[in-house]
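Here the protein sequences come in this chain order: A and B.
Under this note's numbering, think of the first position of the first sequence as 1, with each following residue one higher.
Under this note's numbering, think of the first position of the second sequence as 1001, with each following residue one higher.
FYI, nobody ran anything at the bench for these hints, they're computed from the structure.
None of the hints are false.
SDA-like mimics (lysine to any residue), calculated; alpha carbons at most 20 Å apart, straight line:
(1) B:K1243 - B:E1210
(2) A:K286 - B:F1054
(3) B:K1229 - A:D52
(4) A:K75 - B:P1207
(5) A:K286 - B:L1009
(6) A:K286 - B:G1056
(7) B:K1006 - A:P293
(8) A:K99 - B:G1230
(9) B:K1229 - A:S294
(10) A:K75 - B:P1208
(11) B:K1006 - A:S294
(12) A:K286 - B:K1006
(13) B:K1243 - A:R26
(14) B:K1215 - A:R23
(15) B:K1215 - A:D25
(16) B:K1229 - A:T51
(17) B:K1334 - B:L1348
(18) B:K1324 - B:Q1357
(19) A:K75 - B:E1209
(20) B:K1243 - A:I27
(21) A:K203 - A:I266
(22) A:K75 - B:Y1231
Keep in mind the model is a prediction, meaning the values are calculated, not measured.
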Amino acid sequence: MKDAQVVKEAPIKEDHPMEKILRMDRIPHIWCSTCGIGTALTAFATALGKTDIPLDNICVVSGIGCSGRIAGYIKLDSFHSTHGRAIPFATGLKLGNPKLKLVVFSGDGDIAGIGGNHLIHAARRNMDLVVLCINNFIYAMTGGQAAATTPLTANTSTSPYGCYEQPFNLPHLAASCGAVYVARWTCLHVRRLAKSINEALNKKGFSFIEIIAPCSTIYARRNRLGDGLSLMKFYHDNSIIKHGADTRELDISYQKKIIVGKFVDIERPTFLDSMNEWYRKQFGEKYIEYGGPSD
Amino acid sequence: MKANSKNVLTGSHYLDGDHACAEGALAAGCNFVAGYPITPSTEVVERISERFPFVGGIFIQMEDELASMASLSGAAYAGAKAMTVTSGPGFSLMMENIGLAAMLEAPCVIINVQRGGPSTGLPTLPGQADMMQVRWGSHGDYEIIALSPNSPQECFEFTIKAFNLAEKYRVPTFVMTDECVGHMTEKVVIPPADQIELEPRRYTKLPPEEYLPFKPEKDLVPDMVRAGKGYRIHVTGLTHDEKGYPVMHWQTQEKLVRRLVEKIRLNSDKIIEFEEEQIDDAEVVLLSYGISSRVAIPAIQKARKEGIKVGVLRLIVVWPFPEKKVFELAKKVKAFVVPEMNYGQMVLEVERAAKGQAEVFLVPHGGGWVHDPEDIYKVIKEAVK
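Same shape as in the complex, but just chain A (with noise of 0.2 Å):
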C-alpha cells in the first residue's frame, strides 16, 4: 500500500479559463452531458487563445442544430443564421468586409445535409472560410433522425430499422471540391484538433475539418452503445491517426475504424485573390479593389 498523498490545495480560481471568449451571461448552455460539442469549442477556445488573429476580427456563424447553437455563446461577433445558410452568410459577412476572419461552426446535418450545396461551392471558390463541422451521425436537436452521415445499419428515429442510405465522406467532399486544408478529429484528440483550428484560422482559402463528436443522448442510446465515456473509449480504441491518407479511404462505416488526422494542406489562390488578381491583369489600374466598409 502507498502512502497516502499529501493534497496540496489549489489556489481556487475565480474566473473560468474560457471566459475570455464565452458569454458567461449566457451559461449554462443547453448542451447534454458528454455531448462533443462543448469539447469541440473547448478546442476551438484553445486555438483562439494561441493565434495573432486579433478576437475582434474574428466572427463566428452557425446554422441550425445543436452545434447550430454554438454562436450564442461565443463572446466574438457571432451570427446564428438559418438552417444550412451558415456558409453563405459567412461568405456574405467575409466579401463585406475582406478584413474579417470567418469561422462557420456548426453541425453535420447543417452544413452537409441541407447545406451541403453551399459547402461544396465554398470549397470550389476557395472562399476565405474555416468550416468546423460537428459530425454526431444524426439530427439530434429534432430527436434523432437519419442524416447524411449516418453509417449504414445505425438506428435512427427515421430509419427504425437501420440505415440503408450510404453516408456521405466528408473529408472527401471537401477536398475533392477544392478545400485547402482538410482535417477529421474525434472529440477524443483535443490538443490535435485544437492544433488543428489554429492552422486553419491561420491558413488561407476555404478550411475544412470534421469533428467527430458523441452523441450519448439520442445517437449512442438509440444505437445501444453505452454511455459518453463508453464512446470516448471507442474513440481512443477505433482512431486510426494517418496523415496525409488518401480522402478515398476516409469512410466511416458503422462502429469501424475511424481514421483521423491531417489529409489535405494545399496552397490555392482564394475567391478574393483570384477576383483581383485577374481584374488587375485585365484593367490595371483602372480596377478599383473594394476594400471593405470606409468607415
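Since the structure of chain A is provided, determine the placement of chain B on it from the hints.
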C-alpha cells in the same frame, strides 16, 4: 449624405428597366451584389458585374437564391450595401432568408422582375402575381417595404429610394418591377451625384459596454454596428431580447415581433408614396401600380372623353399599403377599379381598406402580356353605372 460621383452615370441614357435598376443601385452606393441568373432579371446582375470592377464593388454569382439572400444579411452586418435580384421561382427560394433579414433587421434590397407563374410559368413574359408573396411570403409575422416602378426612369429612382428606406428602417426593401418594365427601353435621366440624397447607415454612437444591438430608438428602429468593431454582438434568427440573446418566451416574442411590425406600421405615413390625378371630383378611382398603371392610361382617357370622372391613385410604395388614403377616397367615390396582372392580390387590400364604403372592381389578367386597355375601360364603364 450625397451619392459618390464615381458611381453615378450622370447624363441621359437609353436604358431598359433592368439596366436602370443596376444604375440605381450603383448611384445608391451599393457595393455588394449576390445573384443567381434568372430570366427576366438577369440583365441587372450582368450590368452590375460589368460596372463593379471600376467602382470598387463585389459581385458574386451564388450557387442558388437561398445563398444569394442569406449572403445579403452577412454583407449588411459586414458594413456593405447589399442587393440581390431575381424573379418568381428564385423569389420563392429567397423566402427563408428574407425572413432572416427581417428578423436580423439587416438593411438590404431585393429586386423582383416579376414574370408569369406559378412555378416556372412564363419565364420571358410579365406578371404581377408576387405582390402578396412579397408581403407574406416568409413564415411568421413581419413587415417589409415594397415599391413598384412603371418605367426604366422609375427603376433607377425607386432602386435608390429602396436603399434609403432599407437603411432608415433596417428592413429588407423590394423593388417589384416586371418583365415588361424590365425589358422596356426608354430614356433615363441620371442626375449629378450631388443631387442624389442617400440615407447613411444608422450606426450607434454608444460604446460597446452601453450598446444593446436590438434596443430601439424613438422610431422603433435600433441603431446598428458592423462586425469587426469590437462590439462582440450576437445576432440570431431565434426570438431575441434587446441584447440579441435568444429568449424562448412569449413576452420576448411579443416585444420583438410587435416592434418588427410596428416599426413599419407606425412609420407608414412617412414611408407611403403615391400619385393622384383628378381625384377631387372623381366618381371612380383607377387604383394601380407598376406596368398596369401605364397600360390603363388609354382606358382612362377614353372614359374621360365620354365624361366619366376617373381619378387615378397610383401606388409608388405598394407595401405598406395606403389604407387611410383608400378609406378616405372610398367615402367620396362610387368605386375603385383595380387592374393587375394576377387574379386578385392588391385588390384584396383595396377591399379591406374601403371597408364597404365603395365598390371595388378587379380587372384581372393572368400575365404573359399586359391588359388590353379596352378591358379596363369596360370595367370603368361598369363601375360608374
